[in-house]
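Peer 1: Chains as they are written, first to last, in numbering that gives the first Met the number 0: chain F, 0 to 348; chain S, 0 to 348; chain D, 0 to 348; chain R, 0 to 348.
Wrong hints could be hidden among the right ones.
One copy or any two copies: either way a pair holds, since identical chains are not told apart in the list.
With a straight-line cut-off of 20 Å between C-alpha atoms, the simulated PhoX-like cross-links for lysine-lysine are [claimed, not checked]:
{"#": "1", "residue 1": "K137", "residue 2": "K325"}
{"#": "2", "residue 1": "K56", "residue 2": "K345"}
{"#": "3", "residue 1": "K196", "residue 2": "K241"}
{"#": "4", "residue 1": "K141", "residue 2": "K2"}
{"#": "5", "residue 1": "K86", "residue 2": "K141"}
{"#": "6", "residue 1": "K345", "residue 2": "K250"}
{"#": "7", "residue 1": "K241", "residue 2": "K169"}
Derived from the structure by calculation, the hints contain no laboratory data. Note that this is a predicted model, so its numbers are computed, not measured.
Protein chains: 4
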Amino acid sequence: MRKIKVGVAGYGTIGQRLADGVALQEDMELVGIADMVPSLSVQALAENDMVGVNGIKYNLYLVEGADKAEFDRRNIPVEGTFEDLVKKVDIMLDSAPAGVGAKNKEIYEKYGVKAIFQGGEKNSVADVFFHGYANYEKGVGKDYLKLTSCNTTGLIRSVDCLDRAYGIEKVVITIIRRVADPGDYHRGLTNALQIDKAPSHQAVDLMTIMPHIDATGILVHTPVTHGHIITVVAKGKQKITKEMALREFQKHPRIRVVSLADGFKGNASLFKYARDLGNRRGDMYEIGLWEDSIVESGDDIVYAINIPQESVTIPETIDAIRAATKLQLTREEGTAATNKYLGIGKFKK
Amino acid sequence: MRKIKVGVAGYGTIGQRLADGVALQEDMELVGIADMVPSLSVQALAENDMVGVNGIKYNLYLVEGADKAEFDRRNIPVEGTFEDLVKKVDIMLDSAPAGVGAKNKEIYEKYGVKAIFQGGEKNSVADVFFHGYANYEKGVGKDYLKLTSCNTTGLIRSVDCLDRAYGIEKVVITIIRRVADPGDYHRGLTNALQIDKAPSHQAVDLMTIMPHIDATGILVHTPVTHGHIITVVAKGKQKITKEMALREFQKHPRIRVVSLADGFKGNASLFKYARDLGNRRGDMYEIGLWEDSIVESGDDIVYAINIPQESVTIPETIDAIRAATKLQLTREEGTAATNKYLGIGKFKK
Amino acid sequence: MRKIKVGVAGYGTIGQRLADGVALQEDMELVGIADMVPSLSVQALAENDMVGVNGIKYNLYLVEGADKAEFDRRNIPVEGTFEDLVKKVDIMLDSAPAGVGAKNKEIYEKYGVKAIFQGGEKNSVADVFFHGYANYEKGVGKDYLKLTSCNTTGLIRSVDCLDRAYGIEKVVITIIRRVADPGDYHRGLTNALQIDKAPSHQAVDLMTIMPHIDATGILVHTPVTHGHIITVVAKGKQKITKEMALREFQKHPRIRVVSLADGFKGNASLFKYARDLGNRRGDMYEIGLWEDSIVESGDDIVYAINIPQESVTIPETIDAIRAATKLQLTREEGTAATNKYLGIGKFKK
Amino acid sequence: MRKIKVGVAGYGTIGQRLADGVALQEDMELVGIADMVPSLSVQALAENDMVGVNGIKYNLYLVEGADKAEFDRRNIPVEGTFEDLVKKVDIMLDSAPAGVGAKNKEIYEKYGVKAIFQGGEKNSVADVFFHGYANYEKGVGKDYLKLTSCNTTGLIRSVDCLDRAYGIEKVVITIIRRVADPGDYHRGLTNALQIDKAPSHQAVDLMTIMPHIDATGILVHTPVTHGHIITVVAKGKQKITKEMALREFQKHPRIRVVSLADGFKGNASLFKYARDLGNRRGDMYEIGLWEDSIVESGDDIVYAINIPQESVTIPETIDAIRAATKLQLTREEGTAATNKYLGIGKFKK
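Start from the sequences, fold in the hints, and give me the full structure.
Peer 2: The following block contains the structure:
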């Protein structure tokens with residue numbers, strides 16, 4: 000079978016994980032990656048002789064404005080220009096800095112290449128605002144998809160999980176947001192919590208993807224780097240008990256139910272656990288969900304989830320490739336293929 | 000009029016603020032404070048020649064087990080023993096470390112002295128679990144009262160405020176907890192969020208004080224020192240709009256409505272503001288409530304408050320003295336007297 | 000005696016403390032303060048009816064570009080323009096944002112008014128780069144002085160202290176820098192140490208003020224808000240023992256020798272202690288110096304100091320007013336007058 | 000050739016990395032690991048069907064006091080008891096909690112098994128206090144060795160590097176210590192720097208390993224989790240210029256010279272880089288050394304290094320196995336073998 004040819008624009012926090020994710024899909028080929036500067040991530044790839052996961056070489060293309068001499072000086076091999084890459088692929092994963100994707104789209108259109116944009120772009124850049132589990136079918140055959148952001152992606156996994164089983168009418172979320180990624184020096188917060196104007200965009204985005212649900216919420220930034228925590232107050236169409244919720248969460252391949260008793264005391268425990276698993280970069284594709292956090296309140300079910308912000312959108316982005324290129328036509332088949340190649344859900348009994 | 004004679008057991012984070020609070024009440028006399036070791040707080044008092052607010056001298060008494068020679072070596076004057084202090088007062092404010100209050104109670108009983116315990120003690124230590132605004136009348140004339148903890152005190156202020164105006168049926172809270180106070184070295188959290196088993200004790204405590212309300216919630220510890228933030232999802236007996244909620248919050252003397260537009264970006268802004276006001280120790284008695292956080296969700300009203308953990312319980316503890324000693328017999332009179340002497344509510348239009 | 004008339008440009012972190020410092024000097028008059036926006040600090044002043052320390056009113060003048068309507072809307076009284084203020088004073092303390100001071104200087108020159116600039120301006124803005132203890136006499140009668148920055152001010156206090164007693168040849172410093180002030184949301188660092196290119200500017204600045212000393216050092220930013228810590232490796236012209244160093248440090252009015260045994264475990268202990276002292280804003284004018292940190296290494300003496308970044312430059316800035324206006328002609332008299340009115344050194348035996 | 004049979008006591012932060020390190024040595028066999036509780040690290044191993052690096056199975060043995068039923072309940076396979084493990088090996092790597100190693104030693108002696116202890120144990124537990132580069136030969140053929148702690152191990156690498164080339168007389172260090180590891184919830188520090196009594200034990204330990212050098216220093220704890228930073232002021236027997244120092248550092252296999260210009264802004268950059276390299280757990284065996292930090296001060300050379308606290312002692316511990324078991328008799332051969340199997344130094348030109 001002919002493999003889908005994929006390129007990645009922007010080899011940053013998300014881009015390098017997308018590249019790895021694609022490289023793991025046996026029905027896809029990572030044609031190359033594109034970036035503008037020899038960042039630490041690019042330097043690390045070069046130290047590995049441009050070899051990423053599974054011994055696959057990641058060919059580097061330079062976007063317009065890049066200083067090729069600087070790459071040469073560092074002996075970082077360059078394969079060509081961004082347009083050279085675009086010409087070779089079926090679909091681009093655009094993880095360029097927010098706003099750049101809209102400009103890149105002109106190039107994608109020029110060469111008739113499909114593209115998946117990340118959450119930083121405006122919705123208008125895409126035909127569909129996409130989530131692998133919540134609206135896979137809407138993305139099938141479309142040219143331009145935009146992924147939900149990290150918090151929204153993880154949040155929707157859990158809400159969609161309950162919604163399919165029992166029906167959800169409305170949700171109120173509190174997002175306890177990590178303010179920077181490990182290694183970030185361009186943003187930070189020190190000994191302070193910071194509150195955003197309500198409602199948070201994640202609640203608004205959830206309603207765009209799941210228009211039958213009313214959602215609102217408050218976001219508070221916290222000075223940590225490992226994983227957002229979201230508390231969810233969800234009202235079911237029927238009364239959802241703790242047992243009913245837990246049963247569904249435990250069946251979901253991209254939800255990892257954890258407990259305080261096992262030693263999962265917070266977001267940092269999940270990061271530590273992923274490192275100890277030997278996961279590349281200490282990443283985790285699953286959201287964590289604390290069994291001990293689930294409580295009932297009248298008709299509402301309440302729970303807390305952990306969002307591994309660096310890696311959580313990778314599976315749904317791979318799903319998006321499958322939908323856009325019609326590799327699989329249904330949510331069940333599309334997500335199952337992604338899960339298989341990423342090794343998601345293996346630990347489930 | 001004869002002043003109520005008050006003693007303070009434990010001159011720590013809470014105790015020194017209680018002592019200041021009492022010293023500001025014109026109908027009370029701070030007889031003395033008691034502690035066991037020459038802590039930094041005691042050393043600071045000694046550097047000021049034992050003079051606290053309003054030029055009032057804070058006489059120091061030593062609890063059993065204290066090493067008086069150590070105080071002498073540091074030239075810290077000692078007035079007598081803990082029992083000497085108890086014998087001189089009408090009522091003790093017990094802010095000893097959690098659990099010690101229960102033992103101190105034996106001494107209070109021996110001398111027929113009333114006492115107010117802080118949140119760290121078990122409810123069984125007291126006749127009434129008390130909150131100045133929510134159940135003042137239950138404390139009137141009682142011998143032993145226990146105050147709600149800092150988060151619960153501030154939370155109840157806001158819930159009681161809405162409940163009296165519109166009726167509240169149930170609340171779901173997310174507590175984003177500061178993990179240590181400024182200067183704490185005996186506890187801390189570094190680059191991690193930590194989750195507790197749900198429901199949080201604050202939700203349970205709220206139900207004890209306000210038994211007609213169903214409450215639950217999740218608590219997450221964060222590595223900051225200035226002010227907890229709590230998000231509240233409250234269901235009214237009637238639909239409560241943002242305007243209806245805001246109107247009540249703005250009338251409450253112990254709630255400070257703030258906005259992002261004014262520069263109140265988070266808990267640290269409120270601490271900075273209190274310092275800039277020239278408040279002693281940079282303390283604030285009011286909880287902050289972000290106007291920008293208030294949103295509606297079906298029948299629920301949602302909002303976020305800031306809890307200045309070091310000082311928030313001081314007013315309600317002074318209220319408790321008033322109730323226990325029958326200085327004032329009603330909630331309105333009792334809290335008004337406390338507010339007057341503490342300067343609370345002056346900034347309200 | 001006619002009082003020196005002083006204005007303060009910029010009512011930010013430093014400016015408000017300068018205003019308080021001036022208001023405490025019995026031989027000076029705080030004519031007014033100037034700012035551009037109704038910041039939290041200005042709002043706090045307005046909540047206090049524009050009254051600062053000692054019941055003194057702080058008249059507010061608006062710099063060019065300010066939106067007066069916005070101040071009116073908030074009922075913040077405005078006395079006039081920045082130039083109105085400059086016309087009324089003998090000397091301006093310029094704590095405007097870095098770079099603005101150089102532009103303000105044109106206005107000071109226009110009206111023949113002296114000025115003291117803070118550390119953020121370039122040295123070229125001033126006639127003398129000034130430190131109250133190290134080179135007071137160089138500032139006497141000068142029109143434009145620039146203060147050393149917070150770290151340099153505190154560092155020089157300690158080095159000058161040893162230098163005057165024993166002679167210092169060279170120093171190597173490690174600055175463990177707090178990255179933001181309490182309440183700062185415009186800068187921050189999360190779970191990271193950040194290193195600057197060596198040598199640090201503080202070492203270079205020390206050599207400018209004390210040209211007979213060779214200095215270099217490394218600066219590392221840390222995610223905390225209370226107080227820088229600097230370790231100093233100083234080589235004496237003679238062997239300086241721990242006892243010799245300690246003796247001099249203990250005599251210096253602006254150095255507070257503390258110990259771990261007393262409970263001063265780090266920078267946060269000193270902040271807590273200043274709050275417990277009841278110091279306005281929890282500020283401290285003295286640097287802390289840990290007795291337990293002093294060790295000898297061959298000919299070098301090694302020690303660690305704490306720099307309270309928000310308030311440490313206030314005394315030396317007041318010294319600068321005295322020098323520039325010839326209120327006192329010598330270091331001894333000038334610093335003694337400042338210390339008296341700021342209450343510095345009272346705690347020394 | 001018969002492989003050296005190795006066991007690891009304690010599968011915690013250090014123990015699991017020791018196990019991986021041994022599994023990578025082609026002349027060693029990892030017989031098994033021992034622990035007491037099903038920690039997150041053990042659970043992660045179990046989720047991987049007890050398979051660690053290179054597809055090698057890590058057999059688990061339980062130390063006395065372990066609750067085997069708890070392991071059974073979790074389906075974690077157990078091979079036997081701690082003594083069963085000890086009986087099968089030539090040498091034990093003891094990374095049990097501090098103090099437990101001394102008790103374990105009785106079992107090692109009972110079965111005539113050699114052991115390498117980590118830095119938490121007292122020096123008296125071992126025949127030699129060991130560092131692979133500084134005193135390899137002292138460990139040759141010995142039964143009980145104790146490794147230097149993480150900071151001391153990395154520090155000595157850099158000092159020994161200069162000492163062998165130019166001779167070092169004395170050093171003064173400032174340790175800017177990370178206070179917890181990622182995922183630690185049992186210790187932490189929040190918005191505070193904490194100072195220890197000088198001299199730091201690392202300076203004292205350096206003198207034990209390198210008795211011809213005079214060393215002292217100050218340690219300050221900081222609220223971060225990724226990598227200590229140490230500034231070193233070293234006095235050479237001859238004047239050491241920046242170029243001379245840099246040349247030697249660049250040749251050392253276990254020192255990675257980095258620069259701010261390349262994007263290595265601090266300790267978190269190195270952690271990020273190790274993750275991006277795809278290193279297991281995001282670990283790095285090399286210390287980082289900032290080229291931009293190297294400055295001269297009279298006869299002293301000054302520089303800053305980064306200590307990856309979780310993994311830095313692994314190579315020197317493997318060296319210790321080689322020395323104790325006489326696999327290699329010299330420093331050059333021993334460290335070269337370790338480096339080869341751990342992939343250290345590959346990136347050097």
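Peer 1: The structure should be examined with respect to each hint, and the outcome stated for every one.
Peer 2: Okay, the hints, checked on the actual structure:
1. K137 with K325: This pair counts as within: shortest intra-copy Cα distance 11 Å, inter-copy 67 Å.
2. K56 with K345: between (27 Å within a copy, 19 Å between copies)
3. K196 with K241: between (31 Å within a copy, 14 Å between copies)
4. K141 with K2: within (18 Å within a copy, 58 Å between copies)
5. K86 with K141: Answer is within: at 19 Å inside a copy they meet the 20 Å cutoff, but 64 Å across does not.
6. K345 with K250: within (12 Å within a copy, 44 Å between copies)
7. K241 with K169: both (17 Å within a copy, 18 Å between copies)
Every hint, counting from the list given before, is met by this structure.
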